[in-house]
Amino acid sequence: MDFPLSVSDISLWLAVMAIILLIASELISSSMEYSRNIMIDKRRLRLVAVVLGISFMITVVVRLLQPI
Numbered sequence: 001m002d003f004p005l006s007v008s009d010i011s012l013w014l015a016v017m018a019i020i021l022l023i024a025s026e027l028i029s030s031s032m033e034y035s036r037n038i039m040i041d042k043r044r045l046r047l048v049a050v051v052l053g054i055s056f057m058i059t060v061v062v063r064l065l066q067p068i
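For what it's worth, my numbering labels the leading residue of the sequence shown as 1, then goes sequentially.
Calculated directly from the structure, the hints in this document are not laboratory data.
Fair warning: there could be bad hints in the mix.
[Claimed, not checked] Have a look at the derived ranges for each label pair, beta carbon to beta carbon:
| id | residue 1 | residue 2 | range |
| --- | --- | --- | --- |
| 1 | Ser8 | Lys42 | 27 to 35 Å |
| 2 | Ile23 | Ile58 | 33 to 41 Å |
| 3 | Met39 | Ser6 | 34 to 42 Å |
Computed from a predicted structure; not experimentally measured.
Even for Gly, the Cβ is constructed at its ideal location relative to N, Cα and C.
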């Protein structure tokens, strides 16, 4: 049974999600008047974004090491 997603698809998804989460964490932390009302842990949001970014880099390395 073949996996329906390729490494390129997963890599693209990880990159997009990391960018979205980093932008969201920066927007939340930059607006002081709204950040009091938001009950999201900004540190955890940024940590998840960094983990997704590192996962993206791992998929890039995997794609480079795959034989053509």
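Taking the numbered hints from earlier one at a time, note which ones the structure violates and give those numbers from smallest to largest.
2
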